[in-house]
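Letter by letter, the chains look like this.
Protein chains: 2
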Amino acid sequence: MSADRPRKVLIIGAGPVGALTALSLHRRGWEVELWESRYDPRGKNAAPSNLRSINLAISARGLEALRSVDPSLAEQFQNEAIPMKGRMIHHVDGKQESQIYDPINGQCINSIGRPLLNQRLVESLPPSIKIRFQTKLSRVDLDTKIAYGSSPEQKDADEHGTPFDLIIGCDGSWSKVRTSMMRMERMDFSQSFIPHAYIELHMPADPSRPGGYAIDKNHLHIWPRHSFMLIGLPNKDGSFTLTLFLPFSSLSTLTTREAASRFFIEHFPSAVQIVGEKRLLDDFENNPRGNLVTINCTPSAWSSHALLLGDASHSMVPFFGQGLNCGLEDVRVLNSVLEKHQISSTTNAKLGETDIDLELALKSYSVERQADLKAICELALQNYTEMRSHVLSPLHHIRRFVDSALTRILPSRPSKLHLSLTDPFPTKRVKGWTSLYEMVTFRPDVPYSEALRKEQAQKEIMAWTGYISGILGFGAVGFTGLRLARKWLDRN
Amino acid sequence: MSADRPRKVLIIGAGPVGALTALSLHRRGWEVELWESRYDPRGKNAAPSNLRSINLAISARGLEALRSVDPSLAEQFQNEAIPMKGRMIHHVDGKQESQIYDPINGQCINSIGRPLLNQRLVESLPPSIKIRFQTKLSRVDLDTKIAYGSSPEQKDADEHGTPFDLIIGCDGSWSKVRTSMMRMERMDFSQSFIPHAYIELHMPADPSRPGGYAIDKNHLHIWPRHSFMLIGLPNKDGSFTLTLFLPFSSLSTLTTREAASRFFIEHFPSAVQIVGEKRLLDDFENNPRGNLVTINCTPSAWSSHALLLGDASHSMVPFFGQGLNCGLEDVRVLNSVLEKHQISSTTNAKLGETDIDLELALKSYSVERQADLKAICELALQNYTEMRSHVLSPLHHIRRFVDSALTRILPSRPSKLHLSLTDPFPTKRVKGWTSLYEMVTFRPDVPYSEALRKEQAQKEIMAWTGYISGILGFGAVGFTGLRLARKWLDRN
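Chains A and B, in that order, give the protein sequences.
First residue of the first sequence: 34, per this note's numbering; consecutive thereafter.
First residue of the second sequence: 34, per this note's numbering; consecutive thereafter.
Errors might be hidden in some of the hints.
No copy labels: a pair is met if it fits in one copy or bridges any two.
[To be verified] Derived pair list, reagent style DSSO-like, types lysine-lysine, alpha-carbon separation capped at 30 Å:
id : residue 1 : residue 2
1  : K169      : K373
2  : K269      : K128
3  : K169      : K209
No lab work stands behind these hints: they were computed from the structure.
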C-alpha cells in the first residue's frame, strides 16, 4: 500500500483568479505550484504596462470570495479601491445626471487597477507556494498528469516535466489548458465576438481640483451615445481611465486625425475639454484596439486531472463589471464543493491515476456552476445595450422609479450576512422585489441564474400590470365616453 | 506593371468536397494544387479502412452540385449507388413497415460508400492538377500566403513553402486551416456534442437470397428504440453497413459481453438473427466509438486569402443525410458567387497582397451561405428525434398522411429542372404544400433556410387548423348538448 501524500495542484496563470486559487488550496493543505508567463508583479521589472491595464469594478461577489479565503484581504482591497456609488450620465450638452446604484443602503462598487489588485494578491501568497514567473505552459499530458513549461532562459528546460494531481487553468480567454482538455473530452465550446472594439484613453489629474479629480470621484462615468459610448473609472492619483466602445465598422471610417477630431468634438465635447484634444487624439491613434468576446465551455473539468476557472471557462463582455467578480466567485464555489465532498488534503492515488472522489467533486462543481456562468455571460451582453442606450430612455427612468419604490415596500434581504462554507448560495429563491443590478452586484448569496430568473419574473409582473392598467384605462375612457354620448343624446 | 498570371488555389483535403472544389476551380481556369494527408485512394495502398467507411446517402443536392461541375459525374454516381425509396421501420416484434419518401414521384436517396465516392472523384481530376498525398498542412502564413507541408518522407521538407493566392480548407471538422483563420479574424465559433456515440457493425450478404440482400435492398433500414437506434444502408455486394447510435451513458453500462448480448437480443432480435450473435458482438466490442458534433463558424472567409468549405465550416450530425450533400452544394454556391462577381481566372495581385474583387466575392459567399448552414445543422439535430422516436408515434403517421394529401392537392414544384449558374437557389419562397423532408432532400432549388421557414409556417397552419377544429367541435358538442337539455326540460 502506498502512503498518503499531500495533493499537488499546478495552477497556470497568476492573475487575480489564479493567485486566489493558489491561496485557497494552500489553506486547504495542498501542495501548490503556480506558473505565470509574465514578470513577477512584485519586482521592479513589473511596470503596470506588463499587465492588462483595464480598471476593474470589484463588488460584493468579489469581496465575499476574498473574505471566504482570507477576511483581511477583502478589507485591504476595500481600503485601496475607490467606491463608486452610482453612474454619472454625461449628456452631449454637458449636463451630468447621477443615477445612484443603491439609493436605500448606499452600497457601492469599487474601482481598482488590475495591476495593483494582482500585485497585492501575489504578495499575499506564503513562501511555501512555489511560483515560477516567465514560465509558459508548453504542453501538458493530461493522462499521465505531467506539465512541461518553458522560460526565456530555459527554452527546452522541462525535459522531465512537472507532475501534478490536478492542473487548474486560470490562463484566461485563450487558455492553453482548455485547448488540451478539448483534445481529451467532448467539450461543448463557443466563442462569439460583439462587433465593437474597445480603446483605452487617459484623463489626467487636474491639479486645480480637490484630490485632482476633474469629474466626480465617486461615480462610474458614462457618455452613452446609443451605438457607442465612453466610460471612465477613477484612479487613486486623480486621473481617470477612459474606455471608448465603438463598432469596428464605425472605427474604420475614422482613419484621419481630422475625422477623429470631428467625432470626439461632436459626441464627447466635455471629455475633449477636460483631457485636451491633442492628448485624447494621441491616445486614440496610438492605443491598441481590443476585441470583446463571450466564451462558454462545458464541462469545465476533465476526470480528476484538470479544471478551468475564471476567463478560461467563461469570458464575458465587461458591461456588468462581473468578469473578475465571477472568476473570484469560482474559487469560493470550488472551495465549498471540495468541503462538501470532504476532499482531504492528502491523496493515495498515484500520479497518472484517477482519484474518484476528486473526480466526482470536480464534476459536481462543473455541473452546479454551469447555469450561473451561462446566465452572467448573457446578462453582461444585455447590459451593453442598457449602458450605452437604455440609460437615456424615459422608460429606463420609470423602471428605476418603480424598482426603487417596490424595493422599499417589499424589501428583499439576504437571510444571513456571512455565507457558510458548504452552501455558497443560501438564497435559492429571491423573495420580495429587487432590481437585477442589485442581485448581480450586491447579493453574493444569490446565484447568477436565480438573478436572471427573478428579473424575468418581475418583468412579467410589470407587463401584466401594464396590460391590466391599459384595459382598466380603456374601460374608464369608454365608460366616460358612453356617459358623455348619452348626455349629448339626451340634450338633442 | 506586373503581368496577369493564373490564380493559384491550394486546397487542403482531397475528400469528396476538396476533390470537387479542385475540379470546379480547374474548370474555371485556376492553377490548382491539392494536399491530402492520407494515401492516394487510386493506388493499391488504399484499403477502404484508410478512409472513413461510413455509408453516405447522396441525394438531389449532392447530385445537382456534381452536375453543375460535370454532368457525367452525377450520372456515374447514380449508376454506382443503390437507390433507397423509403425508410423501413423494424419493430421489436420483427414487423417491418415501409415509409416511402416520395409516394407521388418516387424520388430516392442513394446509398454509396464514402471510399468509392472519394476514389471516383479523385480519379476524375485531370493530370494538370497537382495532387500531393500523404502531405499534412504543418502551418500556413495567411498574411504572406505561404503554406508549409510535411510528409512521412520529407518531415521538414517545405523549407520555402508553397505560395498561393487562395487557400481552401476542405479538411473536415478539426480543420487546421480554420484554426489558422481563427488567429487572424474575430471568428464566431461553436462546437457542441450530442450525448450519443456511434458504432459501426456489419451485416454480411446472405448467399441464399437474390442479390445477397438479407433485408430489402431499396430501403434505409431503421430499428428505432426511442433513446437509441440502429440503422442500415445497403452495399453493392449484398451486405449492409449498420450503425448503432447510443448515449455514452448507456454504453458505459454494457461493459461485459453478457450485458451486450442481452441488450442486442432484447432490442434488436431481428438484427441478431440475420447477422449472428457472435459476429455482432465482436464488431460491437472491437469497433471504435465515434463522437457526433455540430460545428458552426462565421465568417467562413478571411480577406481574399482563405476560405472554408464542407465540414471545416459546418459539421452536422448525420441524421438528415445532408452532411456530404451540403458540402458539395457549398462548391456549387461558391462557383455561382465567383461567376456573379466575375472573378477572372487570372490575377494581377502579387502573392501576399489582398485581391479586392476576390475578397468581396468570398465575403459575399460567407454572408449568403451563413443562414443556410445554420438551418441545416439545426434540422439535422431535430431529425435525430424524428428517426429514433417520432417515426413510431401515431401522430407521425397522421402528419405523413396530411402532408401527402395536401401535397397532392396543392403541389409545389421547382420552376426549372436545371438550375442556372448565377442563381443557385431560384425558389426564394416555396409555394403550395410540401414536406420538410422533400424540400431538404429533393429540392436543390430551395435553400435550407427557406425549407426551415416554410416548415415552420406549415406547422403553424396545422396548429391553427387544430385550434379552429377544436373550437368548432366543442361548439357542436355544446349546441347538441343544449338541444338535448331543452328536449329533456320540455318533457319534464
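Classify it for me, K169 with K373: is the Cα-Cα distance of at most 30 Å met within a copy, between copies, both or neither? neither (33 Å within a copy, 49 Å between copies)
Is it within, between, both or neither when you check K169 against K209 at 30 Å Cα-Cα? both (10 Å within a copy, 23 Å between copies)
K269 and K128: within-copy, between-copy, both or neither at 30 Å Cα: Only inside one copy: K269 and K128 sit 25 Å apart there, 80 Å across copies, limit 30 Å.
Hint check: a violation occurs at hint 1 only; the rest are consistent with the structure.
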